[in-house]
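Here are the chains, one letter per residue:
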Amino acid sequence: MKHLLATDGLDPRLATAVLDTADELKKTLLGREVRKLPTLRGRTVVTLFYENSTRTRVSFEIAGKWMSADVINVSSGGSSVGKGESLRDTALTLAAAGADCVIIRHPASGAAHRLAGWLAESGTAVVNAGDGMHEHPTQALLDAATLRERLGTLSGRRVAIVGDVLHSRVARSNIHLLTALGAEVVLVAPPTLLPVGVSALPVTVSHELDAELAALDAVMMLRVQAERMHGGFFPSAREYSVAYGLSEQRLKMLPEHAVVLHPGPMLRGMEIASAVADAPSSAITEQVRNGVHVRMAVLYHLLAGEEEK
Amino acid sequence: MSDQVLIRGARLYGEGDPVDVLVAHGLIAEIGSIEAAEGTEVVEAAGQVLLPGFVDLHTHLREPGREDAETVETGSAAAALGGYTAVFAMANTDPVADNAVVVEHVWRRGREVGLVDVHPVGAVTVGLNGERLAELGTMAKSVAGVRMFSDDGHCVADPLLMRRALEYSTALDVVIAQHAEEPRLTVGAQAHEGEIASRLGYAGWPASAEESIVARDCLLAGHAGARLHVCHVSTAGTAEVLRWAKDRQRAGTISAEVTPHHLLLTDERLASYDPVNKVNPPLRTGGDAARLRAALAEGVIDCVATDHAPHPVQDKDCEWAVAKPGMLGLQTALSVVTETMVRTGLLDWRGVARVMSERPAEIAGLPDQGRPLLAGEPANLVLVDPDAEWTVRGTELASLAANTPYEGMRLPGVVTLTLLRGRITAREGKIG
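Chains A and B, in that order, give the protein sequences. Using the working numbering, you'd call the opening residue of the first sequence number 56 and step up by one each time. Using the working numbering, you'd call the opening residue of the second sequence number 9 and step up by one each time.
Watch out, some of these pointers could steer you wrong.
Only part of the chain B face toward chain A is listed, based on derived beta-carbon distances under 8 Å [claimed, not checked]:
no.: 1; residue: 201
no.: 2; residue: 210
no.: 3; residue: 440
Bear in mind the hints are in silico, worked out from the structure with no lab data behind them. Being a predicted model, the structure only gives us computed values, none of them experimental. We put the CB at the ideal spot given by N, CA and C, even for glycine.
Kindly generate the complete structure, drawing on both the sequences and the hints.
Structure, rendered in structure tokens:
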């Protein structure tokens, strides 16, 4: 693997290999007092974040440090990025300074692809940590890892992705990865929050959450951004919550084995009832925990995988 | 240089037997079998097609304000090399061409350069802000003689203001050219709203944002008895709206243009995230492109206009979301039209003359452009080698910018000679 830019087109065997590596890393580190592996010693990993994201940045930073990489954080405030330097010049600077891997979060769809193009000569690996409305591939991988852990396999499982699919890079990455790994995906959202041309995706679409619940193995709630609530995408937060929120009553309609996921941060009470978020069905905390192992696995496959072969 | 040129053995409009065309004193002096008099410059044109010089209703020359992207001089050179003898320079300069001073500056610079007739387009509204009419009359009556007004890059979205602009224009006998884009439907839009944009995570620019404005404007133009020109039609639906509007045409006159890139390129090119493909209106689907080609062939869309939009490298070699929309067009237009319209059999060369020269000249009211190839007519001419091909290299084009979506593509149809009022402005890929 040279870069991780998207799950769209990601070879399912490679995705499975990353998930298997994440499992092994998790087992290896379990119960250890010192959670540090020497694998990436001497390698430099830069997190380049043009959007605030404590959750994702910290997860990558811990993953790099547990692999003994030198991790440097660059964010848009207080750096040349904040002074208006172009992404291209920033990329070339980081490569020239010796970065082995750049992890980028950017508000523009395709920014990670552009970065990979500019860094093609340098050999620096690029990981997409979320680009605009496009993709967030490590989020999808950690979701898949969590579902595998809970359900054993993804093959033949039915997963609902609920909420603001239109603006969600998490949804896009999950649609591609989950279906590539053999799961069925149903999108549940009001028509205003579904992408145009959704019928071209390998999914089914529903506007009735209640009608779907009984047949689900997992339900993945999406975050609704505050600006959507007044943008005419739906009439009110209350109506959204009534139609698409995961309430305690709806939790009871799910099969017992079904798993509840949320990429966070959650709007408790609106997207998901507090009791549901904290229920045994919820794997939300495990998602965060698995995120570190998955990101370790991604860095391993990008920076050490070839050497290991 | 001789003031007489003999073009030997060309086929007029690609039809009939080869003939000789003598150009003298800025006019077509004679057509037939002609012996070259002493001192006459002879251009061997066997196998080539002679057409009236092309007229571009939609060019961005960037001067004043962004002379790092293009100047009247470099844009004129690109135009001459592309076979153009007249171009209309859009008003979205800095400062905006919303007053006589700016339009006269652009017009004068065009005259000084002298490679192509540069006609400034005046802004419809002050500062292109869509709030107050610019002084259309002052610009129309200035030495620049503005014939066309447009806020291109912006839509005159307010229906009342558009009605007023159309009504007011009738007293000046000028044309209002609209960039049709309902801004409320395209907030944040980055690409054609459809399957590909959804997959790639681009906010969508729906076809209906264009079609709804075109429908509205056609009704308003009819109501006002005005001349409306629809810029860069990009959707199949707009072609249908135009067909309907032209069929029911009451008092107003409606015309429309399509760009070469909307004839050839589709939103499938977006997957690279390379902003060289970013343009406004965006590249649409293959189905749209096919309908646009058919509509151009049928005359529902009147003409080809380049929307030549040069940008310096830093405005294009960046993230898609921050990149400026637009692509070069003047030097590649003929080739793209050859590829999409001639090689497909949709247009013959007489049809090319119609859509690239005669109709644009009529729409803009230019008396000496787009004229028939007859003795006594102004010698604004272009000679085309229809069988030759060339490989596009952005850095080898005459523009200051290099943002061509056709980089590395091999395209048919080569402009070998351009004459402006009998004077050779471009020959074999070189100026003069």
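Status of the hints after comparison with the structure:
This hint holds: residue 201/B has a C-beta 5 Å from the nearest C-beta of chain A, less than the 8 Å allowed. Annotation: interface hint on residue 210/B holds; nearest CB of chain A at approximately 6 Å, less than 8 Å. Using the Cβ-Cβ criterion of 8 Å, the hint placing residue 440/B at the interface with chain A is not satisfied: the shortest such distance is roughly 37 Å.
In the structure shown, a violation is registered for the earlier hint numbered 3 alone.
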